[in-house]
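Residue numbers (the working numbering), protein chains in the order written: chain A, -18 to 321; chain B, 2 to 248.
If a hint is listed, it holds; no wrong ones were tucked in.
Capping the alpha-carbon separation at 20 angstroms, the derived lysine to aspartate or glutamate pairs in DMTMM-like fashion look like this: (1) Lys196/B with Glu69/B; (2) Lys254/A with Asp297/A; (3) Lys280/A with Glu226/B; (4) Lys280/A with Asp258/A; (5) Lys280/A with Asp240/B; (6) Lys276/A with Glu226/B; (7) Lys223/B with Asp297/A; (8) Lys201/A with Asp240/B; (9) Lys279/A with Glu226/B; (10) Lys280/A with Glu244/B; (11) Lys190/B with Glu69/B; (12) Lys143/B with Glu189/A; (13) Lys200/B with Asp81/B; (14) Lys143/B with Glu186/A; (15) Lys201/A with Asp227/A; (16) Lys201/A with Glu244/B; (17) Lys254/A with Asp227/A; (18) Lys279/A with Glu199/A; (19) Lys276/A with Asp297/A; (20) Lys223/B with Asp258/A; (21) Lys279/A with Asp240/B; (22) Lys254/A with Glu157/B; (23) Lys279/A with Glu244/B; (24) Lys196/B with Asp81/B; (25) Lys17/B with Asp297/A; (26) Lys17/B with Glu289/A; (27) Lys196/B with Glu70/B; (28) Lys280/A with Asp227/A; (29) Lys223/B with Glu289/A; (30) Lys254/A with Glu199/A; (31) Lys17/B with Asp287/A; (32) Lys223/B with Asp287/A; (33) Lys190/B with Asp81/B; (34) Lys143/B with Glu157/B; (35) Lys200/B with Glu70/B.
Sample of chain A residues with no beta-carbon within 10 angstroms of chain B, all distances over it, derived: (36) Ala158; (37) Val160; (38) Asn161.
I should point out that these hints are in silico values taken from the structure, not numbers from a laboratory.
Just so it is clear, the structure is predicted and the values come from calculations on it, not from any experiment.
Cβ coordinates follow ideal geometry from the N, Cα and C atoms, glycine included.
If you want the building blocks of each chain, they are given just below.
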Amino acid sequence: MVLALVEHEDGRVDELSLQALALARSLGEPVAALLVGGREAAAELGAHGVATAYVAEDERLAAYAPAAWARCVDELIERTGPSAVVAAGTNRGNEVLAHVAARRDLPFAANCTAIGAAAATPSANTAAGTPTAASTPIAAASLDVTRVRWGGSLLEESRVHGPLPLLTVAPHAVAAATVNGAAAPAIESFAPALEPADLLVQVVEHVEAAQTGVSLAEAKVVVSGGRGVGSADGFGILEELAALLDAAVGCSRVVTSAGWRPHTDQVGQTGTKVSPDLYIACGISGATQHIAGCKGAKKILAINSDAEAPILGNADYAVIGDLTEIVPAITAELRRTRAP
Amino acid sequence: VRILVCVKRVPLTGGKMVLTEDEQALETRHLGFTISPHEECGVEEAVRLVEQHGGDVTVLTLGPPEAEEQIRDALATGADRGILLETDGEERDPQATAAAIVAEAADYDLVVFGNESADAGNFQVGVRVAYALGRPVVTGLKGLSVDDGRLRCEQEVTGGRDVYLVPLPAVVSVLEGINLPRYPSVPAKLRARQKPVEKRAPARPEPRLERRRLVVPPGQGKRAEILGRGPDAAPAVVDVMRELGVA
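My request is simple: use the sequences and hints to build the entire structure.
Written out as structure tokens, the structure is:
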């Protein structure tokens, strides 16, 4: 049996947890889910191949506490003896499995894109986004995985040694998928034996952020600037174009390091991962650090003075030239063609 | 507060991932190296805490002898001393990395990590060190302050920030953006050369997360359709925007 930690919010299972379940099923064993609270979310898990959903219930779990969540996983490992534990490669998924790994001194492979035979076959579709249909029983003492390095710019084929591999699944590496003829899962609640140390680190306060403008992570269009924009003031023309398109303004790491824009605007491996319909990269050379943040865009338009810049190898469209002329010209053309 | 900051030397990868012939490493002959970005902010955060509350900052790295360069960089931005745990250049798995750090980390009030290294991205070394030391650990921080002997830790989450209050001694991991690291001045760089760096070479245990091969994912080497040159391309750009339904 494979044990999957499932995250949920407002009674719904997170999409990234459904993706993790899809990869967990590729191990070819029955899948049991663990939810911390959220009994009402468990019903939909049947369609995702979950036979049993264990729900940890304790009022002390109302606010997130990573060690307490790890205690829940740990108890189910003791009780159910799974052959692997899987979670989504989210902040919490990675954090909780790191706690479980530390608690039990087990190896943990974060952000896997493939597991089992699919991960070990040379030049197989290790990154193509679908787990192989053939089931892959877990070998006694090791499991092959493919996992993300450099925020997805590179993959690593690794072998997890030991009797109980702990794995998280990289976001959007596989698609969530339902199974045919699935029944609602058996739901079993349990009260974990929490100790005070498990609750030493717990969310004590949530501070709401003031909502300003279009969110970078959810924008349909992102107008983004790099070193080529030249200065903080240089972003004025990008903001003007963004306002017309109801777009968010983003930037590269060079720009935040120089202090031209706040870090919250950074698109990249160490910033925000975006997935707009159109990403407009102005004066951005296209370092792998940046591509890791914008490759989720449906289309990328590069505006760059250098026709040989690496960004052109990642873009769908390009305009070559001086962005200080091109960006205002696009703004003017939009205004002109929209005028009544 | 006595603070230990753990950093990793990583290559500045530029525009393309190129592997060595044996597919075991990145081809770094033409690349520079740096401190992994989250950890660079960890150094800055530690230096600011000490500027505010007193104490000292030790910076530690597990890496090849050349990683002394990254320790000197951290010393030039305000750290007081360094510890270089020398390897033969072979990357160690997270358990081995944590074990080497644990042996050095017992005497500090606060141990600071980056949330994940830029290259391996294992998301776990700090948590393992915390458990081995029996200390609380909070990860992914975008805000950190010491308040009445306790740490106030802030994480960015959907819609705002989650706050944790944690007693010292503790372990934390931070994210880039928690601060804007300072640039070292020339005199600071000179002073950094005189600061003490201890060197030790802990043995490498057998990896339990064993890296076997690196693979460049498909998708590199697209060729963009050139819509035009200069401002005359604007109508073609707007046509594309209309096609995509975003204009």
